[in-house]
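Chains as they are written, first to last, in our numbering: chain A, 1 to 116; chain B, 1 to 259.
Note that these hints are calculated values from the structure, not bench results.
All values reported here derive from a predicted model rather than from experimental measurement.
Keep in mind that the hints are not guaranteed to be accurate.
Listed next, with one range per pair, are the computed distances between beta-carbon atoms [said to hold, decoys possible]:
1. Thr55(A) with Arg206(B): 50 to 58 Å
2. Asp176(B) with Gln77(A): 24 to 32 Å
3. Asp205(B) with Asp21(A): 19 to 27 Å
4. Arg34(B) with Cys94(A): 41 to 49 Å
5. Cys94(A) with Val44(B): 48 to 56 Å
6. Gly70(B) with Ser78(A): 34 to 42 Å
7. Glu79(A) with Asp176(B): 44 to 52 Å
8. Thr96(A) with Gly203(B): 25 to 33 Å
9. Glu42(A) with Arg131(B): 18 to 26 Å
10. Glu207(B) with Cys94(A): 43 to 51 Å
Note that beta-carbon positions come from the ideal geometry of N, C-alpha and C, so glycine has one too.
Here is what each chain is made of, one letter per residue.
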Amino acid sequence: MHEFSLVMSMLDLAEKAARADGARRISAIHLEIGALAGVVPEALEFAFEGARVGTMAADARLEVTYLPAIAYCAACQSEFELDNRFGIAVCPSCDTPSADLRQGRELQLAHLEVEE
Amino acid sequence: MSGPAEPTVPATPGVPMRAVTVSPHGTVATPGARVVQVQKSLMVHNDGVAAANREAFRGSLVLNVVSSPGSGKTALLERTVRDLAGDLSVAIVVGDLETDNDAERLHAAGAPSVQIVTGTVCHLEAEMVARAVDQLELDGLDLLVIENVGNLVCPAAWDLGEDLRITLLSVTEGEDKPLKYPRIFKDADAVVINKIDIAEVVGFDRERALDSVRKVAPGATVFELSARTGEGVGAWLDFLRAQRAAKATLGAVGANEPG
Numbered sequence: 001m002h003e004f005s006l007v008m009s010m011l012d013l014a015e016k017a018a019r020a021d022g023a024r025r026i027s028a029i030h031l032e033i034g035a036l037a038g039v040v041p042e043a044l045e046f047a048f049e050g051a052r053v054g055t056m057a058a059d060a061r062l063e064v065t066y067l068p069a070i071a072y073c074a075a076c077q078s079e080f081e082l083d084n085r086f087g088i089a090v091c092p093s094c095d096t097p098s099a100d101l102r103q104g105r106e107l108q109l110a111h112l113e114v115e116e
Numbered sequence: 001m002s003g004p005a006e007p008t009v010p011a012t013p014g015v016p017m018r019a020v021t022v023s024p025h026g027t028v029a030t031p032g033a034r035v036v037q038v039q040k041s042l043m044v045h046n047d048g049v050a051a052a053n054r055e056a057f058r059g060s061l062v063l064n065v066v067s068s069p070g071s072g073k074t075a076l077l078e079r080t081v082r083d084l085a086g087d088l089s090v091a092i093v094v095g096d097l098e099t100d101n102d103a104e105r106l107h108a109a110g111a112p113s114v115q116i117v118t119g120t121v122c123h124l125e126a127e128m129v130a131r132a133v134d135q136l137e138l139d140g141l142d143l144l145v146i147e148n149v150g151n152l153v154c155p156a157a158w159d160l161g162e163d164l165r166i167t168l169l170s171v172t173e174g175e176d177k178p179l180k181y182p183r184i185f186k187d188a189d190a191v192v193i194n195k196i197d198i199a200e201v202v203g204f205d206r207e208r209a210l211d212s213v214r215k216v217a218p219g220a221t222v223f224e225l226s227a228r229t230g231e232g233v234g235a236w237l238d239f240l241r242a243q244r245a246a247k248a249t250l251g252a253v254g255a256n257e258p259g
């Protein structure tokens, strides 16, 4: 249940960005989360329900875009999407394993919607 | 708290808030709201502390050892401390939800050890490590080992300032563990397969396990050993000595970028 730590960090960053913009209320928080970030969506939502109380984001929507894991195959010089169930990083074209993960670890606060 | 506009999706407590009105970047879904771009990692604070740790650890080789509970992290470290005695100086920071049993075991093996009791927290964070190492003498220390909380999911994203991530797997756990917990294996610089002394008894399929590691973490160095009997431990110790020497010479080691 490390999602609670992530949500606390998210709310801290969101409130700072909203205040810096002169806003008083956050109406939406948009996250980008990689397939290999180790985040359970239900746990994230559960943590958010508890943690947002009394913050500028008390009434905010939480919108999450889940990004697929993508690795780079040096042999084919091309990117390929990993099987997200197992994170197997073997190129589907040439069967070479790749350690070069280009996307999938993201835990990113992308943008907010704020109001006065 | 009441606002001027109703959110597009009512924030009903208890109702899952899965994205329903996912708006493209720059599009405002709530009337009267404006978009503020942030584009910051949720790990930004931790990563800053980890960078400071890495600077403070520049004189030592630092390992972050992760595994599920009971894979033998502490047993491997006891063996490592005893076998490196008189060769490399070792200190240990160990995280557990409760008790300081592991720090006592490692202290008895001959290494200064600090226990971090995390309570309910399922992973170590860079700040916890920074506080713990205050109790250690880092000057002249060859090897600092951080034994993470036994957990194959939660510790993955937290950079602690280590040089190398070491992921343990024991033969009792099933050969497909790397496929089930891909992230923690994918970020490993080295994978240690422990308890090989009982591999036959538990019907461990070595080839299948190595294939799982290769598919998920093709860049990782693999060690097969028994912390209990000492079989295979020589290669592990040689690896540590070589990595220690490389860091002393180059100032940095490690194939994988920190999570």
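Cross-check of the supplied hints:
In this structure, Thr55(A) and Arg206(B) meet the distance hint of 50 to 58 Å, their C-beta atoms being roughly 51 Å apart. Between Asp176(B) and Gln77(A) the C-beta distance comes to about 30 Å, which sits within the given range of 24 to 32 Å. For the pair Asp205(B) and Asp21(A), the beta carbons lie near 57 Å from each other, so the given range of 19 to 27 Å is not met. For Arg34(B) and Cys94(A), the hinted distance range of 41 to 49 Å is satisfied, since their beta carbons lie about 47 Å from each other.
Checked against the given bound of 48 to 56 Å, the beta carbons of Cys94(A) and Val44(B), roughly 37 Å apart, lie outside it. Distance hint check for Gly70(B) and Ser78(A): the Cβ-Cβ separation is about 41 Å, which falls inside the suggested range of 34 to 42 Å. Taken as a hint, the range 44 to 52 Å is violated for the pair Glu79(A) and Asp176(B), whose Cβ atoms sit roughly 26 Å apart. The beta-carbon spacing between Thr96(A) and Gly203(B), approximately 31 Å, falls within the hinted interval of 25 to 33 Å.
For Glu42(A) and Arg131(B), the Cβ-Cβ distance of about 32 Å falls outside the hinted range of 18 to 26 Å, so the restraint is violated. Between Glu207(B) and Cys94(A), the C-beta spacing of about 22 Å breaks the proposed range 43 to 51 Å.
Violated hints, in rising order: 3, 5, 7, 9 and 10; the structure is consistent with all others.
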